[in-house]
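Asker: Spelled out, the chains give:
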Amino acid sequence: MTIRSPQRRFFLKASAAVGGGLALEFSIPFAAQAAKGVPPTEVNAWVVIHPDDRVVIRIARSEMGQGTLTALAQLVAEELDCDWMKVGTEFASPNEHVRRNRVWGSMSTGGSQGVRGSHDYVRKAGAAAREMLVAAAAAQWKVPAQECTVDKGVITHGPSKRRLRYGQVAAQAASLPAPKDVKLRDPKDWKIAGKPVRRLDIPDKVLGKPVFGVDVTLPGMLHAAIAQCPVFGGKVKSVDDAEALAMRGVKKVVREDDFVAVVADGWWRADRALKKVRIEWDAGEYGKASDATIAAMFREGLADPKMMEAKKAGDAAGALSTAAKVIEAEYASPYLNHATMEPQVCTAWVKPDGFVEVWTSTQNGEASLAEAARTAGVPQEKCEVHKMMLGGGFGRRGAPQDFVRQGVKIAMAMPGKPVKLMWSREEDMQHGFYRPASLVKLRGGLDAQGHLVALEAKVACPSILDTVMPGARKGGVDFTAVRTLSDMPYEIANQFVGYALRNGHVPTGFWRAPGQQNGVYRECFVDELAHAAGKDPLDFRLAMLKPGEKNRLVLEAAAKAAGWGTSLPAGVGRGLAVVEGFGSYAAGVAEVTVEASGALRVLRYVVAINSGHVVNPDTCAAQAESNAVYGLGALFEANTVKDGRIQESNFHDFPLPMIGDMPKVELVLVPTGDFWGGHGEPGILPFQAAVLNAVFAATGKRIRTLPLRKEDLRKA
Amino acid sequence: MLKFNVNGRVHSLDVEPEMPLLWVLRDQLGLLGTKYGCGIGQCGSCTVLIDGNAERACLVTAAAAAGRKVVTIEGLSRPGLHRVQKAWIEHEVPQCGYCHTGMIMAAAALLAKKPRPTDADIDEGMTNLCRCGTYARVRKAIHAAAAPVATVTPAAKKG
Numbered sequence: 001m002t003i004r005s006p007q008r009r010f011f012l013k014a015s016a017a018v019g020g021g022l023a024l025e026f027s028i029p030f031a032a033q034a035a036k037g038v039p040p041t042e043v044n045a046w047v048v049i050h051p052d053d054r055v056v057i058r059i060a061r062s063e064m065g066q067g068t069l070t071a072l073a074q075l076v077a078e079e080l081d082c083d084w085m086k087v088g089t090e091f092a093s094p095n096e097h098v099r100r101n102r103v104w105g106s107m108s109t110g111g112s113q114g115v116r117g118s119h120d121y122v123r124k125a126g127a128a129a130r131e132m133l134v135a136a137a138a139a140q141w142k143v144p145a146q147e148c149t150v151d152k153g154v155i156t157h158g159p160s161k162r163r164l165r166y167g168q169v170a171a172q173a174a175s176l177p178a179p180k181d182v183k184l185r186d187p188k189d190w191k192i193a194g195k196p197v198r199r200l201d202i203p204d205k206v207l208g209k210p211v212f213g214v215d216v217t218l219p220g221m222l223h224a225a226i227a228q229c230p231v232f233g234g235k236v237k238s239v240d241d242a243e244a245l246a247m248r249g250v251k252k253v254v255r256e257d258d259f260v261a262v263v264a265d266g267w268w269r270a271d272r273a274l275k276k277v278r279i280e281w282d283a284g285e286y287g288k289a290s291d292a293t294i295a296a297m298f299r300e301g302l303a304d305p306k307m308m309e310a311k312k313a314g315d316a317a318g319a320l321s322t323a324a325k326v327i328e329a330e331y332a333s334p335y336l337n338h339a340t341m342e343p344q345v346c347t348a349w350v351k352p353d354g355f356v357e358v359w360t361s362t363q364n365g366e367a368s369l370a371e372a373a374r375t376a377g378v379p380q381e382k383c384e385v386h387k388m389m390l391g392g393g394f395g396r397r398g399a400p401q402d403f404v405r406q407g408v409k410i411a412m413a414m415p416g417k418p419v420k421l422m423w424s425r426e427e428d429m430q431h432g433f434y435r436p437a438s439l440v441k442l443r444g445g446l447d448a449q450g451h452l453v454a455l456e457a458k459v460a461c462p463s464i465l466d467t468v469m470p471g472a473r474k475g476g477v478d479f480t481a482v483r484t485l486s487d488m489p490y491e492i493a494n495q496f497v498g499y500a501l502r503n504g505h506v507p508t509g510f511w512r513a514p515g516q517q518n519g520v521y522r523e524c525f526v527d528e529l530a531h532a533a534g535k536d537p538l539d540f541r542l543a544m545l546k547p548g549e550k551n552r553l554v555l556e557a558a559a560k561a562a563g564w565g566t567s568l569p570a571g572v573g574r575g576l577a578v579v580e581g582f583g584s585y586a587a588g589v590a591e592v593t594v595e596a597s598g599a600l601r602v603l604r605y606v607v608a609i610n611s612g613h614v615v616n617p618d619t620c621a622a623q624a625e626s627n628a629v630y631g632l633g634a635l636f637e638a639n640t641v642k643d644g645r646i647q648e649s650n651f652h653d654f655p656l657p658m659i660g661d662m663p664k665v666e667l668v669l670v671p672t673g674d675f676w677g678g679h680g681e682p683g684i685l686p687f688q689a690a691v692l693n694a695v696f697a698a699t700g701k702r703i704r705t706l707p708l709r710k711e712d713l714r715k716a
Numbered sequence: 001m002l003k004f005n006v007n008g009r010v011h012s013l014d015v016e017p018e019m020p021l022l023w024v025l026r027d028q029l030g031l032l033g034t035k036y037g038c039g040i041g042q043c044g045s046c047t048v049l050i051d052g053n054a055e056r057a058c059l060v061t062a063a064a065a066a067g068r069k070v071v072t073i074e075g076l077s078r079p080g081l082h083r084v085q086k087a088w089i090e091h092e093v094p095q096c097g098y099c100h101t102g103m104i105m106a107a108a109a110l111l112a113k114k115p116r117p118t119d120a121d122i123d124e125g126m127t128n129l130c131r132c133g134t135y136a137r138v139r140k141a142i143h144a145a146a147a148p149v150a151t152v153t154p155a156a157k158k159g
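Sequences listed follow chains A and B, in order. Heads up: the first sequence runs through residues 1 to 716, numbered per my numbering. Heads up: the second sequence runs through residues 1 to 159, numbered per my numbering.
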């Protein structure tokens, strides 16, 4: 850990960035602190200490509600041995990150990787800072550091009982060399990490403080509303903006290849005027695409003899031809929007000196910086991105940085003026990066004893990577399209997974637990096979999982906690599923009822998760609840395509679960301590399959095509 | 000029009568706690109190709001925290938090009308959408806020 100059530089830059510090108190903490007197000291890139012992921990990942900000702060604070009551956080600056050789590691926030991808280096940063602070105190006392102990940010010299606080030695500590190697605490000795400490971001959110991207306010700021071509891939053909330009508050109509934006002195005025801009679109080649053409594309894909091989073990085709019983089924699901409650947003400001400053709700500050610099045609050093709190992310705001490109483009048309672009809900619903639709054909072969001897899966699905990370697939299989099928924990001698890549024109993206629909298909189909074999769905699975195998452990834990096999009230069905992914192992048991009208009610969801370690059990519980509701929505939601465009436009036709739909969620944490997992996504993995298997248990109806409609479950 | 009474202060503003109250609050008054989520009254992120009733600020025009008593999250309780806000902190309700200013306003209105709401009352009274799925904690916090104030512990850190 290299020592850099103290934080004065941050303060000066941040202060200059807001035109004299007139606004944005939340983005310039150092300015606010410096105004109070003595500046704080950067002990290392992650740890900043004030003279009054307040500790600011830098957070590189984004906070979108998943709690990573608090969890990462806990890990640093644990090793730093500071007083948790005095801990605050700030987001690391992407500009500084680039200029300091990526000192904060990855800023990407997705794949449940916040903790599992950075636990090692953030803990080492805390431990290194602790060692330097102790060394500074020891030097001042002229005693060996080994004679000093630390408790809550107070260093004590054992023999003499002298004490110094972190705030008193931070400046000296910062001038010492960073230790080359530090010892990390055994998780069993954790005092701050591993505990359900309160989340640090909640009080501001409850007070309604302006913390989100949409809340950014700058001196002289203008507002922009945007219209993108309703058909993906289409372009602007002509624009008649005469009427809009005459409307109150309107400053400019910005026309780009693929969008039109109105800039005004308020968002509502911009949006109102946008509706009066007569835009003629060139729909391009996809103007006739529809659900039917997409379904036909997938259907053709399933018959493709040249589909890619994603997995091959034994001889699936041969084993199926000789199996005692062969079960076949097709499963399908639709495109899904992330529907973050905060629409896409980006405030950008092209300064007279060419410096480009951006404020946005992003899951990847580095990616936002790169996009802003690329769009503006300036080096990344001449750009800054201020990471705001996200009003939900779920994968929408990471790899795609479309909103940053647009925000900067619009700001470039208004040089010298900060402009806040916010999408309407309608734009957000119709211009997402959707969870891919897919069609999967499964065949399973049982032997005479009812053992599963062969499983074949043919997957027709777009490649997310092709949309958001072109080239990353390197001509091969997109792992997000086949996961959970191609990496089964079940011991099945003969397996084949084929991948028919069919991209279509609808942009796809990482949607909470990308590839999770395969969990639905696999675990529902395994349920079908269990019933065909005349076996209990739990026993059927356990027979294919070795003792001690981690999927088995969570499955057993969930089954036990849920009372698998115990009797249920009449009309209640119980189903289970187990899926690993995103660093963790998850098994769920759902209990449901289905009314005569066909209305499904999920009563209870017990989910057992092994994430190796647990940094904040209450945040984990919150994520389990969140995943259940997100998964519940995904059973009923759908984005459909007609005339090349997404038909749904807002929450009236893309309804989200409401408070009365919320099942009772019980999280069972079963950490085995031998790896680091995550919690942002694993909870959703077994949810839908457990529910649909419970629906089968309750009604005898096997749902294989989503979205689930009431008619599907209505009593005949 | 229209006169607005927001959080006990009167503002005279030259705004279009059809401008939704949401944008009077956000763009004209800089009260950013009230959120835009859908613009069509579906999500409730913009919920404010108008004469004590929870209303979707995106559906109320400036003309209709003028002269009525509007309370936003910024004015829900001054000084200090409203018991609903305390319960929200105590039960760690928000995740991303975007919908929660609206949720809190709706919960405050619900409790003002039904001091001890049943689960059914909560289902009926809380029509706000939350994409993070914080509903179980919303329910728990409303029940907690409904309990005698003495049982709601202060918002101290527990770690």
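Do not rely on the hints blindly, as some may be mistaken.
To be verified - Here are some of the chain B residues that sit facing chain A, going by a computed Cβ distance under 8 Å:
#1 Met1
#2 Leu2
#3 Gly33
#4 Tyr36
#5 Cys38
#6 Gly39
#7 Gly52
#8 Asn53
#9 Gln85
#10 Glu92
#11 Cys99
#12 His100
#13 Lys114
#14 Cys132
#15 Ala136
It is worth saying that the hints were derived from the structure and are not from the lab. Remember, predicted model here, so these are calculated numbers, not experimental data. Each residue gets a CB set at the ideal place from its N, CA and C atoms; glycine is no exception.
Asker: Does the closest beta carbon of chain A sit nearer than 8 Å to the beta carbon of tyrosine 36 (chain B)?
Answerer: holds, 7 Å
Asker: Less than 8 Å between beta-carbons is the criterion; does histidine 100 (chain B) satisfy it with respect to chain A?
Answerer: Since the shortest Cβ distance to chain A is 6 Å, the answer is holds.
Asker: Given glycine 33 (chain B) as an interface hint, is its Cβ closer than 8 Å to any Cβ of chain A?
Answerer: holds, 3 Å
Asker: With chain A as the partner, please determine if leucine 2 (chain B) meets the hint condition of a C-beta pair closer than 8 Å.
Answerer: violated, 15 Å
Asker: Taking 8 Å as the limit, does the beta-carbon of glutamine 85 (chain B) come near enough to a beta-carbon in chain A?
Answerer: holds, 5 Å
Asker: Under 8 Å, Cβ to Cβ, is where cysteine 38 (chain B) needs to be relative to chain A, so tell me if that hint holds or is violated.
Answerer: holds, 5 Å
Asker: Is the interface hint for glycine 39 (chain B) satisfied, with its Cβ closer than 8 Å to some Cβ of chain A?
Answerer: holds, 6 Å
Asker: Would the hint on glycine 52 (chain B) be counted as holding, given a Cβ-Cβ threshold of 8 Å to chain A?
Answerer: violated, 19 Å
Asker: For the hint on methionine 1 (chain B), does the least C-beta distance to chain A fall short of 8 Å?
Answerer: violated, 15 Å
Asker: Next item in the hint list is lysine 114 (chain B). Is there a CB on chain A closer than 8 Å to its CB?
Answerer: violated, 15 Å
Asker: Is the hint on cysteine 132 (chain B) kept, meaning its closest Cβ partner in chain A is under 8 Å away?
Answerer: Holds - the Cβ of cysteine 132 (chain B) comes within 8 Å of chain A, reaching about 5 Å at its closest.
Asker: Just to be careful: measuring from the Cβ of cysteine 99 (chain B) to every Cβ in chain A, is the smallest value less than 8 Å?
Answerer: holds, 5 Å
Hints 1, 2, 7, 8, 13 from the list above are not met by this structure, while the remaining hints are.
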